[in-house]
Amino acid sequence: MRYAETGFNLEVDLTRGNIERVATDPRDTELYLGGLGTSTKILWDRVAPEVEPFSPDNLLIFSAGLLCGTPATGCNRTIVSTISPQTLLMAFSMMGGFWAPELKYAGYDKVILRGKSPDLVYLWIKNDKVEIRDASHLRGKGATETAELIRQELNEPKAQVASIGLAGENRVYFASIEQGRSSASRGGIGAVMGDKGLKAIAVRGTGDVNVARPVEFFELCNEVLEYIKFRENNPIPGVMPILARLGSPQEMQVHDEKWHTENFMWGNSRVRRKGFWDEEVEKQWTDTMTRARTRLISCYNCPMKCGASISMPGLPTYMMKCFSKLTYTMAAMSDLDFGLRIAQRATEYGVDGFSTPQVMAFGLELYENGILTDDDLPGLPSGNEDRFYWLLDRIVRREGIGDVLANGTYWAAKQIGKGADKYAHNNIKKHEQLPLKLSMLNPIYFLMYATGEKINITQIEGQFPQAPFPTREEREAFVKDWFQVPDEKFKQYFLDWELRGENSIPYYPTVEMSCDIVDWQEKMHYIDDALGMCAGLSSFPLKPPYHIHNYPKFISAGAGIDMDETKLTQAAKRYRTLVRAVNIRRGMRRKDDKPPENHWKKRFPELEKELLDTYYRFKGWNNDGVPTKASLDELGLDYVSDDFMQRGILTESENAF
Amino acid sequence: MKGEKKKKIIKTVKIDVDKCNGCRACEVICSSFHAAPKYSSNNPARARIKVIREPLSDIYVPVYAGEYTPAECAGRDKYTIDGKEYDECAFCRASCPSRDDFKEPDSGLPLKCDMCEGEEEPLCVKVCLADALVLEEREEEVEEDQEQVELEIGLESLTKKHGMQKVLDAIARMSQKEDS
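Residue numbers (our numbering), protein chains in the order written: chain A, 1 to 657; chain B, 1 to 180.
Honestly, the hints are just simulated from the structure, not real lab data. Ideal Cβ positions, reconstructed from N, Cα and C, are used throughout, including at glycine. Incorrect hints may appear among the rest.
[What the hints assert, rightly or not] Computed footprint of chain A on chain B, listed as stretches where at least three residues anywhere in the stretch have a Cβ under 8 Å from a Cβ of chain A:
# : segment
1 : 31-44
2 : 52-62
[Unchecked claim] With the Cβ distance kept under 7 Å, some of the chain B side facing chain A (calculated, not the full set):
# : residue
3 : GLY22
4 : CYS23
5 : ALA25
6 : VAL28
7 : SER107
8 : GLY108
9 : LEU129
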């Protein structure tokens with residue numbers, strides 16, 4: 001018997017309408033765990049580097065994590081991976097909610113989609129019965145609306161539905177896949193789903209997910225739940241409220257937005273508004289949120305309430321979480337009322353809440369600077385907020401200028417020309433980033449931004465405090481019960497980190513320390529993404545309930561795989577390197593590993609070079625960011641090194657490295 | 001006839017639907033606890049508690065599995081509370097022919113909440129950190145011969161309807177059957 005996983009994938013050929021249930025190899029689980037790990041292996045094996053994102057040969061993989069469907073609290077994430085139309089690299093975006101566990105109960109670990117359906121269809125999975133159904137009547141429907149219509153027509157109120165809106169259907173490069181309160185938004189994976197002619201996947205499962213050593217696993221779950229209770233009663237002192245507790249940043253609960261509104265950039269990631277957050281704004285926004293928010297809601301089997309139902313007067317109810325609360329507001333230099341209203345429409349269209357507002361602000365900035373003219377924007381309304389609605393409607397329909405902007409700021413700027421690229425200034429690897437522009441280079445964040453292949457900083461950072469605590473006493477208090485560290489040295493790194501003076505950024509944490517810290521942070525995210533664990537209970541917050549010391553036990557007792565910290569670290573390194581390999585084979589190199597030019601005002605080219613050189617060595621990559629033959633072979637990825645040698649990506653002479 | 005007073009523990013789960021965050025942890029732990037061997041498998045479809053969950057209508061109602069009933073009700077009820085319309089039979093605990101709820105998905109056999117016998121408190125209550133489910137125990141004094149009183153009320157109405165003689169005959173026949 002297979003434990004924790006079901007041992008079966010669904011292979012769906014949308015071109016031919018063929019569906020197969022395929023047994024998976026348990027040895028792959030040992031090597032790549034599941035979720036992101038095993039999906040990356042499939043992408044490496046089956047999607048050649050020449051395959052374009054909108055080719056029928058591109059795969060779109062919906063995967064549950066290894067421990068989804070077990071009682072492990074908060075383990076509910078769906079990992080969607082494909083080749084991104086925006087970055088042309090591997091995209092892996094995740095969503096919480098209820099979909100992945102339901103897929104497990106239906107008897108599958110992954111749904112692997114290939115080909116293209118000639119007509120718009122949706123996939124309906126109910127245990128052993130899987131069918132491709134006509135979706136022509138759902139064309140143009142909103143993502144949430146679609147989910148409701150499908151549940152109704154199937155008469156299956158308990159079905160979980162992941163769907164795209166108009167943006168995905170029209171292959172907008174930042175289209176999301178929506179699932180009730182959650183969405184997988186980064187990398188334009190919704191566009192790939194639309195390109196495949198797939199409107200939705202509905203799933204209902206009533207089968208069992210087994211665990212290998214039940215009592216042991218149950219006790220581990222209990223320990224986690226107890227620690228969550230402890231952390232809820234003991235928020236971390238000295239950090240901003242949204243980071244003091246577990247879960248995603250508690251944007252739906254916390255009304256104090258001083259930190260975001262005064263430190264993040266407004267407009268097209270341009271303006272920092274010091275002193276914005278005054279009593280009047282606080283009162284108005286708190287009032288807006290309190291009225292709009294009907295309930296704080298959770299994902300499957302998780303006590304954190306990171307999401308909320310939002311009902312704005314006159315608009316259908318929708319669900320929201322995290323920082324999309326402010327992205328539209330800040331891009332449009334408006335207020336929360338506007339932000340919550342336009343987010344309703346954007347959610348139904350199915351677009352990424354980070355990229356979309358920036359793309360629109362970028363378009364308007366081009367207009368204000370005469371690069372786009374009235375001829376390009378015929379009928380543009382005069383009101384600022386109306387303009388955002390107007391652009392959003394056009395982008396998701398690819399009408400007029402919307403067709404250009406629908407490709408994201410990087411590609412739009414190329415197409416528009418006339419110096420528009422200077423306005424697409426907040427991208428990494430062609431992808432819009434959080435609107436942050438800071439003063440002093442931070443070595444940890446430099447490495448994360450430069451080398452993170454998850455494209456989103458919030459999906460890379462975590463665990464280690466974002467800034468030093470002012471006094472030694474506070475730091476000592478913090479490290480006292482910091483048992484999550486993989487090694488005691490991290491405590492010392494933090495204890496000696498000061499706001500000013502010799503031990504402050506950019507030269508402290510030192511290059512070596514920064515490598516250690518970034519590697520730890522990244523590793524925990526990659527483990528989460530294979531297990532299906534929400535970063536909000538693991539890799540993202542300070543002092544989380546899941547960590548490198550209890551994860552091996554969860555995997556051993558849950559999946560029945562013999563696991564310890566070393567083996568787990570090695571497995572995570574293996575598929576993390578494989579993600580890198582997929583991207584290297586698609587042309588990514590050191591030249592792409594860089595943060596936006598203006599992310600920090602004070603840059604240190606020599607230090608940055610040393611950081612990257614050292615980190616590459618630390619990771620087992622050569623000076624161009626390519627994993628070396630030795631490091632690949634050590635991870636059992638000799639099939640990758642063979643491929644790299646054949647393609648001339650690695651040469652014999654480099655092997656001496 | 002006066003019966004003796006007797007003390008009895010009444011266990012009540014207080015369900016606060018306003019506090020439910022719809023996570024279904026109660027369903028997960030329930031199915032896990034009742035698996036054989038204990039905790040060996042998970043499947044909310046086997047749970048003896050179910051969260052009726054309609055996020056867009058803001059409906060979140062945890063309902064426990066109650067008694068099995070062989071027949072469905074003659075009529076159905078639909079409740080509207082605070083403008084929210086609840087599904088037919090939404091609050092009903094019965095495992096009943098009219099719906100799939102509270103039945104083993106494979107065999108169709110009825111499921112019933114047993115308050116997690118042997119545990120300090122039902123595990124659904126334990127895992128509900130939102131406090132939507134809270135266990136309350138109270139002692140009640142009940143008259144032991146309560147049943148006797150009920151029986152007599154029943155017999156009285158039968159004698160009124162059928163006459164004393166017919167009832168006596170019926171009881172005599174039943175007792176003969178029992179003896180044989």
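Subject >> chain A contact restraint on B:GLY108 - CB to CB distance below 7 Å >> reply: violated (12 Å)
**OP:** Would you check chain A against the segment 52-62 of chain B, counting CB to CB pairs closer than 8 Å, and say if three or more residues qualify?
**Re:** With 6 residues closer than 8 Å to chain A, the segment 52-62 of chain B meets the three-residue bar; holds.
Original post:
Do the numbers back the hint for B:VAL28, that is, is its least Cβ distance to chain A under 7 Å?
Top reply: holds (5 Å)
Original post:
Is the hint on B:GLY22 kept, meaning its closest Cβ partner in chain A is under 7 Å away?
Top reply: Given a least distance of 5 Å, the restraint on B:GLY22 holds.
Original post:
Can the hint on B:CYS23 be confirmed by a CB-to-CB distance to chain A that is less than 7 Å?
Top reply: Cβ of B:CYS23 sits 4 Å from chain A, so the hint holds.
Original post:
Given as covered by chain A, does the segment 31-44 of chain B meet the bar of three residues or more with CB within less than 8 Å?
Top reply: Our answer is that it holds, as 10 residues pass the Cβ test (under 8 Å) against chain A, meeting three.
Subject >> Proposed interface contact between B:SER107 and chain A, which counts if any beta carbon pair is under 7 Å >> reply: violated (12 Å)
Original post:
With a cut-off of 7 Å, does the beta carbon of B:LEU129 approach a beta carbon of chain A closely enough for the hint to hold?
Top reply: With a closest approach of 4 Å, the B:LEU129 hint holds.
Original post:
Does the nearest C-beta of chain A fall within a distance shorter than 7 Å of the C-beta of B:ALA25?
Top reply: B:ALA25 check passes; min Cβ-Cβ to chain A is 5 Å, inside 7 Å.
Checked against the numbered hints given earlier, the structure breaks hints 7, 8 and satisfies all the rest.
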